[in-house]
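Visitor: Chain residues, written in single-letter form:
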Amino acid sequence: MARLSMVDAINTTLHELMAKDDRIVIMGEDVGVDGGVFRATVGLLDKFGPDRVIDTPLAESGIVGAAIGMAVYGMRPIAEIQFEGFMFKAFDQVYSHASRLRRRSQGLYGVPLVIRAPYGAGVRALEHHSDAPEALFCHLPGMKVVIPSTPAEAKGLLTASVEDPDPVVFLEPKRLYRLFKEEVPEGEYRIPLGEARMVKEGKDITLVTYGGMVSVCERAAQHVAGEGVDAEIVDLRTVWPFDIAAITKSVTKTGRLIIVHEAPRSFGVGAEIAALVAERCLLSLLAPIKRVTGFDVVPPLARLEEYNYPDSDRVVRAIHDTMQF
Amino acid sequence: MKFPGIYEELFYKALRIRLVEERIIELYPSDKIQSPVHLSIGQEAVAVGACQSLKQTDLLFCSYRSHAFYLAKGGHLREMFAELYGKATGCGHGKAGSMHLAAPEVGLMGSSAVVASTIPHAVGAALAAERLKKPQVIVAVFGDGATEEGAYHESLNFAALHKLPIVLLCENNGLAVHSKLEARQAYRITDQAKSYGLPVAYLADGHDVVKVHEVFSGIVGEVRRSRCPHFVEIRTCRYKEHVGPDEDSHAGYRSVEELQAWKSKDPLILNQELVAQYRPVILQEIDDAVEFAERSPWPERSELLSDVV
Ligand SMILES: Cc1ncc(C[n+]2csc(CCOP(=O)(O)OP(=O)(O)O)c2C)c(N)n1
Ligand SMILES: [Mg+2]
Numbered sequence: 001m002a003r004l005s006m007v008d009a010i011n012t013t014l015h016e017l018m019a020k021d022d023r024i025v026i027m028g029e030d031v032g033v034d035g036g037v038f039r040a041t042v043g044l045l046d047k048f049g050p051d052r053v054i055d056t057p058l059a060e061s062g063i064v065g066a067a068i069g070m071a072v073y074g075m076r077p078i079a080e081i082q083f084e085g086f087m088f089k090a091f092d093q094v095y096s097h098a099s100r101l102r103r104r105s106q107g108l109y110g111v112p113l114v115i116r117a118p119y120g121a122g123v124r125a126l127e128h129h130s131d132a133p134e135a136l137f138c139h140l141p142g143m144k145v146v147i148p149s150t151p152a153e154a155k156g157l158l159t160a161s162v163e164d165p166d167p168v169v170f171l172e173p174k175r176l177y178r179l180f181k182e183e184v185p186e187g188e189y190r191i192p193l194g195e196a197r198m199v200k201e202g203k204d205i206t207l208v209t210y211g212g213m214v215s216v217c218e219r220a221a222q223h224v225a226g227e228g229v230d231a232e233i234v235d236l237r238t239v240w241p242f243d244i245a246a247i248t249k250s251v252t253k254t255g256r257l258i259i260v261h262e263a264p265r266s267f268g269v270g271a272e273i274a275a276l277v278a279e280r281c282l283l284s285l286l287a288p289i290k291r292v293t294g295f296d297v298v299p300p301l302a303r304l305e306e307y308n309y310p311d312s313d314r315v316v317r318a319i320h321d322t323m324q325f
Numbered sequence: 001m002k003f004p005g006i007y008e009e010l011f012y013k014a015l016r017i018r019l020v021e022e023r024i025i026e027l028y029p030s031d032k033i034q035s036p037v038h039l040s041i042g043q044e045a046v047a048v049g050a051c052q053s054l055k056q057t058d059l060l061f062c063s064y065r066s067h068a069f070y071l072a073k074g075g076h077l078r079e080m081f082a083e084l085y086g087k088a089t090g091c092g093h094g095k096a097g098s099m100h101l102a103a104p105e106v107g108l109m110g111s112s113a114v115v116a117s118t119i120p121h122a123v124g125a126a127l128a129a130e131r132l133k134k135p136q137v138i139v140a141v142f143g144d145g146a147t148e149e150g151a152y153h154e155s156l157n158f159a160a161l162h163k164l165p166i167v168l169l170c171e172n173n174g175l176a177v178h179s180k181l182e183a184r185q186a187y188r189i190t191d192q193a194k195s196y197g198l199p200v201a202y203l204a205d206g207h208d209v210v211k212v213h214e215v216f217s218g219i220v221g222e223v224r225r226s227r228c229p230h231f232v233e234i235r236t237c238r239y240k241e242h243v244g245p246d247e248d249s250h251a252g253y254r255s256v257e258e259l260q261a262w263k264s265k266d267p268l269i270l271n272q273e274l275v276a277q278y279r280p281v282i283l284q285e286i287d288d289a290v291e292f293a294e295r296s297p298w299p300e301r302s303e304l305l306s307d308v309v
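Each protein sequence line maps, in turn, to chains A and B. Each residue of the first sequence is one higher than the last, beginning at 1 in the numbering used here. Each residue of the second sequence is one higher than the last, beginning at 1 in the numbering used here.
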């Protein structure tokens, strides 16, 4: 096993997947000659040539639209959007077609497409470069949304996303791209979509989270452990459709739930989880469900970004409130 | 300030922008600048030549590479530095950064990181000006890469069809991030604009600030009179990396010779006599603006929630 950063794990995975399946093509702005602005596609052009690693014009709607056409034709396109904030030029194609073609073809064909994009805060580059728009994609019937939290997870989840017969938006937390390295399994490695990861077992309170917030929750859990509170952390990793069974199982055990995400609060992933938990295990709850999230604001410049991004102090405060209810 | 002629005046304005950005480069390693920066060094003459004939009431919409246009249109230097520092006194209250400079009081209506996204706003402003019979000219500024986006084509058609008082200005530096124009476009920008029926001007030398001014002032006059759209493409060169303060010849996507060819025609490099004459007073102004940014307060935590809805 090699110790890799998340961006290197993604790069290695793309190399391995492309070597195995020649239906896979990569397309996007600066992905070929340049190797991508975050270097995620470095070396792919040299290895697989311009027929499979395609530098496109600066036109997101065209990139995703053409990728849908390739997917319907039988290829396995992986489209890269340079930053999450530029996805919305392609949102028309995602909303109107990628998520609907399986239904529209009466199940005859789907759209095996992965759209990769750097995601979330962490590079101090404010709006459009620090946004967390996952809920907008979760809201589309037919779309899957995946956000990895570690390098090894990124490999397993990207593999499953590329192999999936339906469209997946694969959002890569840019603050994790180079934050740490870990052992990444060699060779084929997949993590089934829709299964949450138990990061840490605990009996007092459940923290449901994903992406860059997983490590924030780990720090908070460590902190409250010193006070005798045993927190359980569930990493969704497939943000939609999420693993509701894992969530309800944990909440039934602990009786307390906090959902942590960096995306704005209102109509976010946390809201959907809270609603489902209320429907399915309300009577297990010992305290109101809490959310620790970004505010309902456009991501601002660096100094204010720190206030917007949930940190372990905010999670600890929410744990205190919930435990003391 | 008094100038002996138009050349000196335009030179001064272009030099001011260059020295401002060179100060940004100096400051960058200190991490005081809280925002990513897309520098215009090499492209100053386009902004200066274009803005010279605009009135304060004429409106400009531009992109994230907007320092030059912000200053050329009359945006305040203090508020620009404060914004880059992320301070409360910045033109975006320390929340918007370099990519979103705005100075509506002098007609700079805002800039955006999303390529091509402000072109339709300029078209809409021109439509409004036309409907309200205001004598304004509206200018949309965008790069060569922006011409590949759907919003650009939708905007050109809209402006041409409705005969709107707009100048569509393409700053063609031949690059989008690290991709060369030839690798991205099957069309020629001016030919393509002509196909919408737009009158088109093309300037091969974006360093020739007087020429840019002359051509642009003719066009602005024409748009003011006829209330019809015009298209201008100006070739220019970005000297620094796409984003950030550094050189990028090591990145290998363009040759040192290409860059050198542009630098060898650059009046701000060639005319050291004028540089020496104007530099001290400009540096004084910059020192003052930086000092203002330094001593300005950070935005309060509560600022996070202001101006949201
Ligand atoms: C819609 C969109 N897609 C991609 C990007 C990433 N990006 C930022 S600048 C840029 C290149 C733009 O080139 P051009 O329009 O020529 O402007 P220049 O940077 O050369 O001034 C790209 C691709 C973006 N900001 N917006
Ligand atoms: Mg360009």
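Hints may be right or wrong, so weigh each one.
What the hints assert, rightly or not - List time: in silico EDC-like cross-link candidates among lysine to aspartate or glutamate, alpha-carbon distance up to 16 Å: (1) B:Lys-180 <-> A:Asp-34; (2) A:Lys-47 <-> A:Asp-92; (3) B:Lys-32 <-> B:Glu-291; (4) B:Lys-180 <-> A:Asp-55; (5) B:Lys-180 <-> B:Glu-258; (6) A:Lys-253 <-> A:Asp-230.
As the list claims (entries may be wrong) - Here are a few chain A residues that face chain B, going by a calculated C-beta distance under 8 Å: (7) Phe-38; (8) Pro-50; (9) Asp-51; (10) Pro-57; (11) Ala-59; (12) Ala-125; (13) Pro-185; (14) Asp-311; (15) Asp-313.
As the list claims (entries may be wrong) - Restraint-style ranges between C-beta atoms, simulated for each label pair: (16) A:Ser-105 <-> B:Glu-300: 50 to 58 Å; (17) A:Glu-182 <-> B:Ser-195: 33 to 41 Å; (18) B:Asp-31 <-> A:Leu-179: 17 to 25 Å; (19) A:Gln-222 <-> B:Glu-300: 57 to 65 Å; (20) B:Lys-263 <-> A:Phe-267: 27 to 35 Å; (21) B:Glu-294 <-> A:Lys-20: 50 to 58 Å; (22) A:Glu-182 <-> B:Glu-300: 49 to 57 Å; (23) B:Gly-218 <-> A:Asp-296: 28 to 36 Å; (24) A:Lys-253 <-> B:Ser-302: 56 to 64 Å; (25) A:Phe-325 <-> B:Asp-31: 56 to 64 Å; (26) B:Asp-246 <-> A:Met-198: 27 to 35 Å.
Calculated directly from the structure, the hints in this document are not laboratory data. Here the structure is a predicted model, which means the values were calculated and not measured. Yeah, the Cβ is synthetic: ideal placement off N, Cα and C, and Gly gets one too.
Visitor: Does the Cβ pair Glu-182 of chain A, Ser-195 of chain B satisfy 33 to 41 Å?
Guide: Hint violated: Cβ distance 54 Å, outside 33 to 41 Å.
Visitor: Taking 50 to 58 Å as the stated bounds, is the beta-carbon spacing between Glu-294 of chain B and Lys-20 of chain A within them?
Guide: holds, 56 Å
Visitor: Within 28 to 36 Å: is that where the Cβ-Cβ distance between Gly-218 of chain B and Asp-296 of chain A falls?
Guide: violated, 48 Å
Visitor: Indicate whether the distance between the beta carbons of Asp-31 of chain B and Leu-179 of chain A respects the range 17 to 25 Å.
Guide: Taking Cβ atoms as reference, Asp-31 of chain B and Leu-179 of chain A lie about 19 Å apart, which means the hint holds.
Visitor: A range of 49 to 57 Å was offered for this pair. Does it hold for the Cβ distance of Glu-182 of chain A and Glu-300 of chain B?
Guide: violated, 39 Å
Visitor: For the hint 50 to 58 Å, verify it against the beta carbon of Ser-105 of chain A and that of Glu-300 of chain B.
Guide: holds, 54 Å
Visitor: Min Cβ distance, Phe-38 of chain A to chain B: is it shorter than 8 Å?
Guide: Constraint on Phe-38 of chain A not satisfied, violated at 12 Å.
Visitor: So, Ala-125 of chain A near chain B? Judge it on the closest CB pair being under 8 Å.
Guide: Holds. Min distance 5 Å.
Visitor: Verify the proposed pairing of Lys-180 of chain B with Glu-258 of chain B, using a straight-line Cα cut of 16 Å.
Guide: holds, 12 Å
Visitor: Regarding the hint that Pro-185 of chain A lies at the interface with chain B, is the smallest CB-CB distance below 8 Å?
Guide: violated, 32 Å
Visitor: Assuming the hint says 56 to 64 Å, is it satisfied by the Cβ distance from Lys-253 of chain A to Ser-302 of chain B or not?
Guide: violated, 39 Å
Visitor: Once the shortest beta carbon distance from Asp-313 of chain A to chain B is found, is it less than 8 Å?
Guide: With Cβ-Cβ at 13 Å, over 8 Å, it is violated.
Hint compliance for this structure: hints 2, 7, 8, 9, 13, 14, 15, 17, 19, 20, 22, 23, 24, 25 and 26 are not met, and every other hint is.
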